[in-house]
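Chains as they are written, first to last, in our numbering: chain Z, 201 to 445; chain P, 99 to 414.
The hints are simulated quantities; they were obtained by calculation from the structure and are not laboratory data. A few of these clues could be false.
To be verified - No more than 16 Å apart at the CA atoms, straight line, and that leaves these computed lysine to aspartate or glutamate pairs for EDC-like:
1. P:390 with Z:272
2. P:342 with P:327
3. P:414 with P:195
4. P:325 with P:291
5. Z:399 with Z:354
6. Z:268 with P:327
7. Z:244 with Z:291
8. Z:295 with Z:280
9. Z:268 with P:394
10. Z:244 with Z:204
11. P:180 with P:190
12. P:325 with Z:225
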Amino acid sequence: MKAEVYKSARYLPFGDNALLVEFGDAISLEANSLVLALNEAILKADIAGVEELVPTYRSLLVRYNPLKTSYEQLVFCIKDIEETLDKATLEIDGKKITIPVAYGGDYGPDLSYVAECHGLSEEQVVKLHSRREYRVYMIGFVAGFPYLGEVPDEIATPRLETPRLKVPAGSVGIAEKQTGIYPCEAPGGWRIIGRTPIKLFNPLQQPPALIKSGDTVKFKSISKREFKIIENAVLKGEYPLLSKE
Amino acid sequence: MATFRVINPGLFTTVQDLGRLGYLKYGVPISGAMDTFSFIAANLLVANDPNDACLEITLIGPEMQVLAKTQIAITGGVASPKINGQNAQMWETLDVEEGDVISFGKIYGGCRSYLSVRGGINTPLLLGSRSAYVRGMFGGINGRQLKAGDMIEAFAKPVLKTRLSMPTELVPKFTNQFTAHVVLGPQDDMFTEKGVQTFFSNPYKVSFEADRMGYRLEGPVIEHKTKADIVSDALLPGAVQVPKNGQPILIMRDAQTTGGYPKIAVVISPDVSLLGQAKPNDIVEFSKITLKQAREKSCEYFKLLKNLRGMLVKSK
Numbered sequence: 201m202k203a204e205v206y207k208s209a210r211y212l213p214f215g216d217n218a219l220l221v222e223f224g225d226a227i228s229l230e231a232n233s234l235v236l237a238l239n240e241a242i243l244k245a246d247i248a249g250v251e252e253l254v255p256t257y258r259s260l261l262v263r264y265n266p267l268k269t270s271y272e273q274l275v276f277c278i279k280d281i282e283e284t285l286d287k288a289t290l291e292i293d294g295k296k297i298t299i300p301v302a303y304g305g306d307y308g309p310d311l312s313y314v315a316e317c318h319g320l321s322e323e324q325v326v327k328l329h330s331r332r333e334y335r336v337y338m339i340g341f342v343a344g345f346p347y348l349g350e351v352p353d354e355i356a357t358p359r360l361e362t363p364r365l366k367v368p369a370g371s372v373g374i375a376e377k378q379t380g381i382y383p384c385e386a387p388g389g390w391r392i393i394g395r396t397p398i399k400l401f402n403p404l405q406q407p408p409a410l411i412k413s414g415d416t417v418k419f420k421s422i423s424k425r426e427f428k429i430i431e432n433a434v435l436k437g438e439y440p441l442l443s444k445e
Numbered sequence: 099m100a101t102f103r104v105i106n107p108g109l110f111t112t113v114q115d116l117g118r119l120g121y122l123k124y125g126v127p128i129s130g131a132m133d134t135f136s137f138i139a140a141n142l143l144v145a146n147d148p149n150d151a152c153l154e155i156t157l158i159g160p161e162m163q164v165l166a167k168t169q170i171a172i173t174g175g176v177a178s179p180k181i182n183g184q185n186a187q188m189w190e191t192l193d194v195e196e197g198d199v200i201s202f203g204k205i206y207g208g209c210r211s212y213l214s215v216r217g218g219i220n221t222p223l224l225l226g227s228r229s230a231y232v233r234g235m236f237g238g239i240n241g242r243q244l245k246a247g248d249m250i251e252a253f254a255k256p257v258l259k260t261r262l263s264m265p266t267e268l269v270p271k272f273t274n275q276f277t278a279h280v281v282l283g284p285q286d287d288m289f290t291e292k293g294v295q296t297f298f299s300n301p302y303k304v305s306f307e308a309d310r311m312g313y314r315l316e317g318p319v320i321e322h323k324t325k326a327d328i329v330s331d332a333l334l335p336g337a338v339q340v341p342k343n344g345q346p347i348l349i350m351r352d353a354q355t356t357g358g359y360p361k362i363a364v365v366i367s368p369d370v371s372l373l374g375q376a377k378p379n380d381i382v383e384f385s386k387i388t389l390k391q392a393r394e395k396s397c398e399y400f401k402l403l404k405n406l407r408g409m410l411v412k413s414k
């Protein structure tokens with residue numbers, strides 16, 4: 201079923217210093233593309249008083265300085281920009297990133313469950329998960345955590361009933377049709393199928409996160425041995441993080 | 099060179115400035131002082147920049163030895179500060195000498211106090227801020243709260259000849275009752291009319307699950323129409339989320355940057371700062387205002403913060 205996108209975007213106040221532009225109420229590539237395109241367009245327009253933009257699945261948060269602009273003024277400006285977006289050819293300015301993942305075993309304690317759940321072998325799950333290119337819909341939850349979509353229906357799996365108190369850094373998980381990567385150790389209920397040695401977040405770097413909304417991520421299956429080699433290279437700062445295309 | 103040595107860290111003392119702006123899109127919270135007004139006042143009382151890093155003290159203050167002569171100011175929740183065991187004034191410039199011991203009583207009237215030091219605290223600038231984001235384990239002193247033995251360094255600046263104090267009428271008085279002015283939305287349409295009315299006509303108690311990330315509040319159940327979740331969208335401090343159990347959660351400065359519960363309303367900036375002084379068992383009442391009123395109130399507040407330096411007086 202095709203997810204819904206509103207006929208026209210909704211503008212919603214968010215307290216005294218922000219507003220939301222909402223394009224839909226479901227996860228959809230179309231709504232997310234509109235969010236990201238508007239994000240780009242507002243950045244380019246450099247509107248007075250706009251302090252920060254936060255793109256998420258289906259809406260864009262615009263944080264502003266109430267001493268420099270107002271809700272009404274901004275809605276007026278942004279509507280103008282939004283209406284001129286060429287909705288037929290939305291170009292998202294994103295990079296392509298390949299994330300190496302060691303699937304299964306200690307690194308992916310839920311891989312066997314996901315396989316069993318769908319009557320597949322673990323190898324088939326790995327193939328299905330690593331075959332696709334995923335859109336980065338948004339970054340949230342913890343610093344640098346990318347929400348990626350959407351996994352093939354054959355491997356979409358509900359969250360754990362009781363979340364784990366600690367999911368190790370680098371863990372790659374599935375929650376329904378979403379997949380994501382834990383940049384740091386955190387509590388979480390996603391089904392963990394593998395782990396990457398790549399460091400996704402570093403507050404000493406600019407930008408601090410490897411992945412941003414609008415990027416494209418592809419997973420690559422690696423062996424436990426390769427994991428160790430890459431892990432060491434990452435520690436030494438020698439692993440090429442981006443495979444630019 | 100270090101300015102203070104921490105003898106006892108207190109309950110939860112962190113280095114904070116005005117926070118990390120511009121990184122929400124990477125999932126990095128704003129962080130920064132919970133009570134912006136008291137924080138800025140602390141800096142201005144030692145003629146610092148408003149954004150210089152201070153200590154944010156929570157409920158039980160630290161004990162610290164002064165290692166080099168400097169000036170400090172203490173603001174925020176009533177913290178009963180002492181220098182060498184003698185009561186010291188809040189909201190004014192204080193001189194401290196090498197060997198002095200700064201200590202605190204329990205904080206009453208509020209939840210958080212600020213200790214500024216002339217020159218500002220020097221911790222690494224990470225993503226434009228020195229604030230500790232303890233959950234993310236970065237910023238401040240090694241990404242954590244203070245512990246005994248920590249050395250705190252301040253930037254060197256000449257001692258002030260004129261000591262400053264805050265005029266009494268500008269010193270906020272914190273009680274255990276808070277009124278939070280809110281703008282309805284962005285997802286108020288997911289609640290029944292009765293639910294919205296419940297939210298505005300009842301007091302909510304701050305539970306013990308209250309920290310820099312947010313406060314879980316307890317009170318009459320706020321009724322959703324049907325669903326109690328949304329496709330996750332962005333959060334800012336002040337947002338009031340209501341999960342399925344109908345009990346509101348007030349989002350504060352270290353909260354995650356996105357969330358999947360509908361937000362019935364958002365508290366305006368001046369009141370988010372005020373609520374930085376709310377502690378468990380305190381009462382919060384929500385009062386609905388229009389966007390226009392919100393703008394007036396917040397402009398007045400931001401102007402006050404801008405003009406505060408000029409409003410300080412010379413200490414007697």
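Hint check results:
1. P:390 with Z:272: Given pair residue 390 of chain P, residue 272 of chain Z holds - Cα atoms ~10 Å apart, limit 16 Å.
2. P:342 with P:327: holds (8 Å)
3. P:414 with P:195: Outside the cut-off at roughly 20 Å; violated.
4. P:325 with P:291: Roughly 15 Å separates the two Cα atoms, so the pair holds.
5. Z:399 with Z:354: violated (29 Å)
6. Z:268 with P:327: violated (34 Å)
7. Z:244 with Z:291: holds (14 Å)
8. Z:295 with Z:280: Roughly 28 Å separates the two Cα atoms, so the pair is violated.
9. Z:268 with P:394: Between residue 268 of chain Z and residue 394 of chain P the Cα gap is close to 12 Å, so the pair holds against 16 Å.
10. Z:244 with Z:204: At roughly 28 Å apart (the allowed maximum being 16 Å), residue 204 of chain Z and residue 244 of chain Z break the hint.
11. P:180 with P:190: holds (13 Å)
12. P:325 with Z:225: holds (12 Å)
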